[in-house]
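J.: Take a look at the letters that make up each chain.
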Amino acid sequence: MATDTRVILICSGKGGVGKTTLTANLGISLARQGLTTAVLDADFGLRNLDLLLGLENRIVYTAQEVLEEECRLDQALVKHKQESNLSLLPAGNPRMLDWLKPDDMKRIVKMLKEQFNYVLIDCPAGVEDGFKNAMAASQEAIVVTNPEVSAVRDADRVIGLLNTNAIKPVQLVLNRVRPKMMANQEMLSIEDVTDILALPLLGLVLEDEQVIVSTNRGEPLTLNSVNSPAAKCYLNIAKRLQGEDIPLIDPIEESSGFGSKFRRLMQTKIF
Amino acid sequence: MAMTLRDIINRLLRRQPASASTARERLQLVLAHDRSDLSTELLDQMRREILEVVAKYVEIDVDEGAVSLETEDRMTALVANLPIKRTMTGQIKLKEPKNQSEENSEETEGTDQNS
Chain A
1 MATDTRVILI CSGKGGVGKT TLTANLGISL ARQGLTTAVL DADFGLRNLD LLLGLENRIV
61 YTAQEVLEEE CRLDQALVKH KQESNLSLLP AGNPRMLDWL KPDDMKRIVK MLKEQFNYVL
121 IDCPAGVEDG FKNAMAASQE AIVVTNPEVS AVRDADRVIG LLNTNAIKPV QLVLNRVRPK
181 MMANQEMLSI EDVTDILALP LLGLVLEDEQ VIVSTNRGEP LTLNSVNSPA AKCYLNIAKR
241 LQGEDIPLID PIEESSGFGS KFRRLMQTKI F
Chain B
272 MAMTLRDIIN RLLRRQPASA STARERLQLV LAHDRSDLST ELLDQMRREI LEVVAKYVEI
332 DVDEGAVSLE TEDRMTALVA NLPIKRTMTG QIKLKEPKNQ SEENSEETEG TDQNS
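Protein chains in written order, with the numbering used here: chain A, 1 to 271; chain B, 272 to 386.
These are computed hints drawn from the structure, not numbers from a lab. Small disclaimer: the values here were computed from a predicted structure and weren't measured. Don't be surprised by glycine CBs; every beta carbon is placed ideally from N, CA and C. Any given hint could turn out to be false.
[To be verified] Here are the simulated distance ranges between beta carbons:
| id | chain 1 | residue 1 | chain 2 | residue 2 | range |
| --- | --- | --- | --- | --- | --- |
| 1 | A | Lys239 | B | Val333 | 54 to 64 Å |
| 2 | B | Glu335 | A | Asp98 | 54 to 64 Å |
| 3 | B | Thr293 | A | Arg58 | 44 to 54 Å |
| 4 | B | Ile280 | A | Lys239 | 37 to 47 Å |
| 5 | A | Asp74 | B | Gln299 | 24 to 34 Å |
| 6 | B | Val301 | A | Ser84 | 43 to 53 Å |
| 7 | B | Glu343 | A | Asp98 | 38 to 48 Å |
| 8 | A | Pro102 | B | Glu343 | 28 to 38 Å |
| 9 | B | Ile280 | A | Asp103 | 53 to 63 Å |
| 10 | B | Ser339 | A | Asp98 | 35 to 45 Å |
| 11 | B | Glu296 | A | Cys71 | 51 to 61 Å |
[Unchecked claim] To list a few chain A residues with every Cβ distance to chain B over 12 Å, as calculated:
| id | residue |
| --- | --- |
| 12 | Gly15 |
| 13 | Leu73 |
| 14 | Asn85 |
| 15 | Gln115 |
| 16 | Ala198 |
| 17 | Leu206 |
| 18 | Glu209 |
| 19 | Lys239 |
Chain A extracted, bound-state conformation (with noise of 0.2 Å):
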């Protein structure tokens, strides 16, 4: 039984910003590290969690059944093919949402607690119900952002709920960064987002192709292709969750070897 696990709530506000890519690709992570992790998808709505895993076709029972008390919750759970410490608890039927409850949330996430060092929830967009159920649950909290005007804003109100809930750490994970374009100053760098944002830093993953096939093949990125440059984001960041110091990539120094001076010294503050 562990005794100190993590309950890590994923959040955005915005739809499409990388939740549940995140989600699978540090649950893939940690599990890899040795680490006991279960994955909860509580997008009930729009449930993608086991696609992106690879597990649509091993569901035999949900978290419903599980509240429902119609199964045990290790028969609900699907253990990962390659990674045997990963394990999702896969979301029940949209109709759930009619009568779903925090305390609901509550008394899955105490279930999971029992067997596993980390407990990572796939919280669905938006700011309702959905969001407060999955939030309810949770002990700490990864709000993730792109370097878009509106994903920064609606993670703001994001943060400010999850403050007002007394969810902490709450850290930043800025996705989707172009190098490119921050350089030329045509994309919020980080330094603006964590500004606007205030929140520490927990890492920030680099835009790559390469995250658009592994969700068509159903296997995370960080499971083979640990080379790919978001999947070594990934990887840092599940580290920096245990404890390691691993520093940030600098994207200015990502978008090639020589424009890169020139565009730093066009970054240089005046004032």
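Position chain B against the provided structure of chain A, taking the given hints into account.
T.: Positioned in the frame of chain A, the structure of chain B alone reads:
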């Protein structure tokens, strides 16, 4: 307001600023309002009422008076900048209580919560 070398060059060449700085400025403004949960109308009404109250005690320049929300580090402050009209001698003209207050300032008031 942070300005980079590129921003300055763009300004000198009268080019549009790089879009990141526009994004930053727009976000800061919209978040100050989001965080305070105040609409523009409410803010405007509050501005007028604050000016009325202050005008009971000192003569202020109503056209120059500005009330705005500013935000930093997830703290939002209500900032009122109300220039007080002075007499020729440089003293502040106080209307009601005939005090001889000689404060030479146009002060600000502020604080409010984050959310």
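J.: Now tell me, hint by hint, if it's right for this structure.
T.: Taking the hints in turn, this is what the structure says about them:
| no. | hint | in the structure |
| --- | --- | --- |
| 1 | A:Lys239 x B:Val333: 54 to 64 Å | 59 Å, holds |
| 2 | B:Glu335 x A:Asp98: 54 to 64 Å | 56 Å, holds |
| 3 | B:Thr293 x A:Arg58: 44 to 54 Å | 48 Å, holds |
| 4 | B:Ile280 x A:Lys239: 37 to 47 Å | 39 Å, holds |
| 5 | A:Asp74 x B:Gln299: 24 to 34 Å | 49 Å, violated |
| 6 | B:Val301 x A:Ser84: 43 to 53 Å | 46 Å, holds |
| 7 | B:Glu343 x A:Asp98: 38 to 48 Å | 42 Å, holds |
| 8 | A:Pro102 x B:Glu343: 28 to 38 Å | 33 Å, holds |
| 9 | B:Ile280 x A:Asp103: 53 to 63 Å | 58 Å, holds |
| 10 | B:Ser339 x A:Asp98: 35 to 45 Å | 44 Å, holds |
| 11 | B:Glu296 x A:Cys71: 51 to 61 Å | 54 Å, holds |
| 12 | Gly15 | 18 Å, holds |
| 13 | Leu73 | 37 Å, holds |
| 14 | Asn85 | 36 Å, holds |
| 15 | Gln115 | 36 Å, holds |
| 16 | Ala198 | 4 Å, violated |
| 17 | Leu206 | 17 Å, holds |
| 18 | Glu209 | 23 Å, holds |
| 19 | Lys239 | 28 Å, holds |
Violated hints for the displayed structure, listed by number in ascending order: 5 and 16.
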